[in-house]
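Trainee: Listed in order, the protein sequences are those of chains V and F.
According to numbering that gives the first Met the number 0, the first sequence holds residues 0 to 319 in order.
According to numbering that gives the first Met the number 0, the second sequence holds residues 0 to 244 in order.
Don't take each hint at face value.
Stated by the list, open to error - Simulated restraints, written as ranges between beta carbons of each label pair:
no.: 1; chain 1: F; residue 1: Lys172; chain 2: V; residue 2: Val98; range: 50 to 60 angstroms
no.: 2; chain 1: F; residue 1: Pro112; chain 2: V; residue 2: Phe158; range: 37 to 47 angstroms
no.: 3; chain 1: V; residue 1: Ser309; chain 2: F; residue 2: Ser141; range: 56 to 66 angstroms
no.: 4; chain 1: V; residue 1: Gly117; chain 2: F; residue 2: Pro230; range: 41 to 51 angstroms
no.: 5; chain 1: F; residue 1: Ser141; chain 2: V; residue 2: Ile109; range: 29 to 39 angstroms
no.: 6; chain 1: F; residue 1: Arg110; chain 2: V; residue 2: Leu19; range: 45 to 55 angstroms
no.: 7; chain 1: V; residue 1: Val304; chain 2: F; residue 2: Arg24; range: 51 to 61 angstroms
no.: 8; chain 1: V; residue 1: Ser181; chain 2: F; residue 2: Ser141; range: 24 to 34 angstroms
no.: 9; chain 1: V; residue 1: Ile109; chain 2: F; residue 2: Ser14; range: 20 to 30 angstroms
no.: 10; chain 1: F; residue 1: Pro112; chain 2: V; residue 2: Leu19; range: 33 to 43 angstroms
no.: 11; chain 1: V; residue 1: Asp25; chain 2: F; residue 2: Pro112; range: 50 to 60 angstroms
no.: 12; chain 1: F; residue 1: Gln85; chain 2: V; residue 2: Ala166; range: 43 to 53 angstroms
no.: 13; chain 1: V; residue 1: Gly117; chain 2: F; residue 2: Gly189; range: 47 to 57 angstroms
Said to hold, decoys possible - Only pairs whose alpha carbons sit at most 25 angstroms apart, straight line, appear in this in silico DSS-like list of lysine-lysine:
no.: 14; chain 1: F; residue 1: Lys70; chain 2: F; residue 2: Lys107
no.: 15; chain 1: F; residue 1: Lys92; chain 2: V; residue 2: Lys107
no.: 16; chain 1: V; residue 1: Lys182; chain 2: V; residue 2: Lys3
no.: 17; chain 1: F; residue 1: Lys92; chain 2: V; residue 2: Lys182
no.: 18; chain 1: V; residue 1: Lys3; chain 2: F; residue 2: Lys92
no.: 19; chain 1: V; residue 1: Lys182; chain 2: V; residue 2: Lys107
no.: 20; chain 1: V; residue 1: Lys3; chain 2: V; residue 2: Lys317
no.: 21; chain 1: F; residue 1: Lys70; chain 2: V; residue 2: Lys107
no.: 22; chain 1: V; residue 1: Lys182; chain 2: F; residue 2: Lys107
no.: 23; chain 1: F; residue 1: Lys92; chain 2: F; residue 2: Lys107
Everything labelled a hint here was simulated from the structure, so no lab data went into it.
Predicted model, so just to flag it, every value in this text is computed and none were measured.
For glycine and all other residues, C-beta sits at the position ideal for the given N, C-alpha and C.
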Amino acid sequence: MDWKREAALVLVAFAVLAFLPFVVPDSYSRHVLIMAFIYAVVASNWDLSLGYGGVFNFGHLALFGIGVYAYGLITKFAGIDPWLALVLSGAASTFAAIVVTIPILRLKGIYIILVTFGFAQLVMQIILSQSDYTGGTQGMVRIQTLYIPGVNLIRDGKFGYFYVALAILLTSTIFLRVLVRSKTGASIVALRDNEEYAISRGISLVRQRVITLAASAFFTGIAGAFYAAYQRNASVDVFGMSLATIILSMVLLGGTSTIYGAIAASFVLTIFAEFMADFGAWRPIITALLIIAVMLVYPAGLAGVWTHISNLVRAKSKKP
Amino acid sequence: MPLLDVENVSKAFGSLRALDNVSFRVEPGEIFGIAGPNGSGKSTLFNTITGIPFGPDRGRIIFDGVDIHRKAGHEIARLGLARTFQRETSFDKLTVFENVLISATYSKANRSPEEQRRNAVEALDVVGLPRSSQGRLAEELSVFDRKCLMLATAVAMQPRLLLLDEPASGLTKPEIETSIELIRRISGLGVTILLIEHVLTFLMSLSQHLLVLNQGQVLALGDPRSIIADPRVVEAYLGTRKAAV
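All chains, full assembly: derive it from the sequences and hints.
Mentor: Here is the structure:
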């Protein structure tokens with residue numbers, strides 16, 4: 000698809016999303032959509048490193064967690080403006096991603112999983128050990144909210160946060176799509192497809208790996224900071240396997256190396272989980288079974304469903 | 000001054016000496032052949048020269064006056080040293096044009112985007128891949144076309160030295176003949192070629208100098224016609240009459 004058509008489709012999709020707060024009946028529904036936006040940012044950025052880069056970075060949720068705590072600490076102890084803190088939190092996650100890139104440069108596959116998983120646990124232990132600042136197992140509470148002059152973000156029926164979250168998702172999506180469509184994106188895919196061949200064509204493994212992980216971290220960190228500002232608390236639960244599994248399901252269900260697939264799956268799974276709220280313990284079981292069913296029929300995930308539908312429409316439109 | 004000067008290069012894997020004090024020189028503009036039976040160290044030699052995936056344990060490799068034996072693989076590539084691999088290799092999920100374009104982009108600094116695109120188009124023309132295939136994914140190509148694509152990515156780098164690792168392997172007779180013509184065409188562009196090949200007739204039809212490796216050591220080096228008449232080379236390839244019995 001040429002970029003003009005893609006840009007037009009993205010704008011239409013986001014225009015529809017921007018209209019949703021006026022359609023959904025209550026602030027809770029808007030809250031569900033805000034959470035879907037946050038997950039979509041985290042999942043689509045994970046798709047950059049995992050799908051496009053082929054780097055099994057199981058520390059991606061730690062980058063989200065760093066964003067959460069960086070925002071909490073910066074606003075609480077440095078007294079920095081929350082909007083600036085949002086950006087600085089993204090920068091903190093980016094820095095952490097660069098640090099974790101160094102030990103995984105010479106590693107492949109399962110060893111990258113081990114090191115990045117260890118990195119996530121290390122960050123969590125550091126946060127737990129610094130309880131004077133981070134609240135330890137109790138976490139941080141009463142974290143400063145964002146502000147918009149003239150708007151009370153706490154009592155506006157979640158309209159304000161909805162649009163901030165949507166703006167973050169839109170910016171992140173444009174950033175990711177521009178990156179993966181660029182020559183830098185092609186070099187990231189080249190390294191994934193055949194590392195030695197890519198190096199023989201002048202591509203630097205170190206430089207491109209750093210770019211891949213750093214680029215996937217920035218908006219993940221911002222999403223974490225937004226999450227902290229929105230929920231007004233920070234807890235080490237964000238480093239747990241539960242959230243990581245949910246986000247990874249979104250990446251895989253959506254179909255890797257698409258960006259849009261991860262975003263679509265974030266909406267589907269978040270909203271589906273709400274519909275299944277009354278099913279109690281059956282909820283994750285049914286969700287897991289549905290994910291398996293989709294993946295069996297369409298191994299490329301929701302992106303595969305989209306391709307299938309597009310091909311059907313194209314074939315039908317060609318018939319006289 | 001030789002374009003490539005390999006001096007006493009050695010490489011060992013545990014107790015196995017894959018390369019043992021290998022030395023030779025390649026002059027600018029020539030096609031230099033490397034032969035040897037399976038396991039003689041031909042591909043290991045290419046790996047150590049290009050630093051992909053490893054450099055030599057000992058010895059020096061001077062390329063165009065620069066000592067490259069401790070340089071990273073991508074740095075060596077950017078100096079103008081390109082290589083192909085024994086198996087047809089491509090970036091499967093990129094289009095044919097993207098495969099060539101990123102080679103043109105990353106192999107040399109200071110090339111404008113227009114120059115990079117022009118290099119990519121010219122490289123595809125050199126190997127004869129039709130323009131209609133440029134938008135296809137590399138994984139959709141036939142084995143021969145993927146070999147041509149691999150050559151195109153190397154040509155797009157505008158290398159001074161091109162290392163070809165068994166370009167005829169897995170090809171049919173007509174495809175081998177096309178490959179010979181293609182290598183001649185690339186050589187005609189002023190690219191020096193270092194060619195590994197198992198098929199001696201292929202090497203004989205192209206090379207000005209021939210090096211034969213056996214068990215990691217240089218067995219013979221010189222004019223191809225005299226080399227293949229060397230009894231030691233015949234023995235390395237075919238075995239002795241006694242051993243054959």
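Trainee: Next, verify each hint and record whether it holds.
Mentor: Hints, verified against the model:
1. Distance hint for F:Lys172 and V:Val98: a CB-CB separation of about 55 angstroms, consistent with the stated range 50 to 60 angstroms.
2. At roughly 44 angstroms, the beta-carbon separation of F:Pro112 and V:Phe158 lies within the given 37 to 47 angstroms, and the hint holds.
3. Checked against the hint of 56 to 66 angstroms, the C-beta distance between V:Ser309 and F:Ser141 comes to roughly 27 angstroms, which is inconsistent with it.
4. In this structure the hint that V:Gly117 and F:Pro230 lie 41 to 51 angstroms apart at CB is violated, the actual value being about 60 angstroms.
5. Separation of F:Ser141 from V:Ile109 is about 34 angstroms and conforms to the stated range, judged on CB atoms against 29 to 39 angstroms.
6. At roughly 47 angstroms, the beta-carbon separation of F:Arg110 and V:Leu19 lies within the given 45 to 55 angstroms, and the hint holds.
7. A hinted range of 51 to 61 angstroms holds for the C-beta pair V:Val304 and F:Arg24, which are about 60 angstroms apart.
8. The given range of 24 to 34 angstroms is respected by V:Ser181 and F:Ser141, whose C-beta atoms sit roughly 29 angstroms from each other.
9. As the Cβ distance of V:Ile109 to F:Ser14 is approximately 28 angstroms, the hint placing it in 20 to 30 angstroms holds.
10. Judged by the Cβ atoms, the range 33 to 43 angstroms given for F:Pro112 and V:Leu19 holds: they are separated by roughly 40 angstroms.
11. In this structure the supplied range 50 to 60 angstroms holds for V:Asp25 paired with F:Pro112, their Cβ-Cβ distance being about 51 angstroms.
12. Taking the beta carbon of each, F:Gln85 and V:Ala166 are about 51 angstroms apart, inside 43 to 53 angstroms as hinted.
13. Against the hinted window of 47 to 57 angstroms, the Cβ-Cβ separation of V:Gly117 and F:Gly189 comes to about 51 angstroms, which satisfies the hint.
14. Distance check on the hinted pair: F:Lys70 and F:Lys107 sit about 16 angstroms apart at the alpha-carbon level, within 25 angstroms; holds.
15. For the hint pairing F:Lys92 with V:Lys107, the CA-to-CA distance comes to about 20 angstroms; that is within 25 angstroms, so the pair holds.
16. Only pairs whose Cα atoms come within 25 angstroms are accepted, and V:Lys182 paired with V:Lys3 is accepted, the gap being roughly 18 angstroms.
17. A distance of roughly 14 angstroms separates the Cα atoms of F:Lys92 and V:Lys182; the hinted pair therefore holds under the 25 angstroms criterion.
18. With a C-alpha separation of about 22 angstroms, the suggested pairing of V:Lys3 with F:Lys92 holds against the 25 angstroms cut-off.
19. This hinted pair checks out: V:Lys182 and V:Lys107 have alpha carbons roughly 24 angstroms apart, not beyond 25 angstroms.
20. Under the criterion of a C-alpha separation no larger than 25 angstroms, the hint pairing V:Lys3 with V:Lys317 is consistent with the structure, at around 23 angstroms.
21. Proposed proximity of F:Lys70 and V:Lys107 is supported: the alpha carbons are some 22 angstroms apart, at most 25 angstroms.
22. For the given pair, V:Lys182 sits about 14 angstroms from F:Lys107 by alpha-carbon distance, which is consistent with the 25 angstroms threshold.
23. This hinted pair checks out: F:Lys92 and F:Lys107 have alpha carbons roughly 23 angstroms apart, not beyond 25 angstroms.
Taken one by one, the earlier hints fail for this structure at numbers 3 and 4, listed in ascending order.
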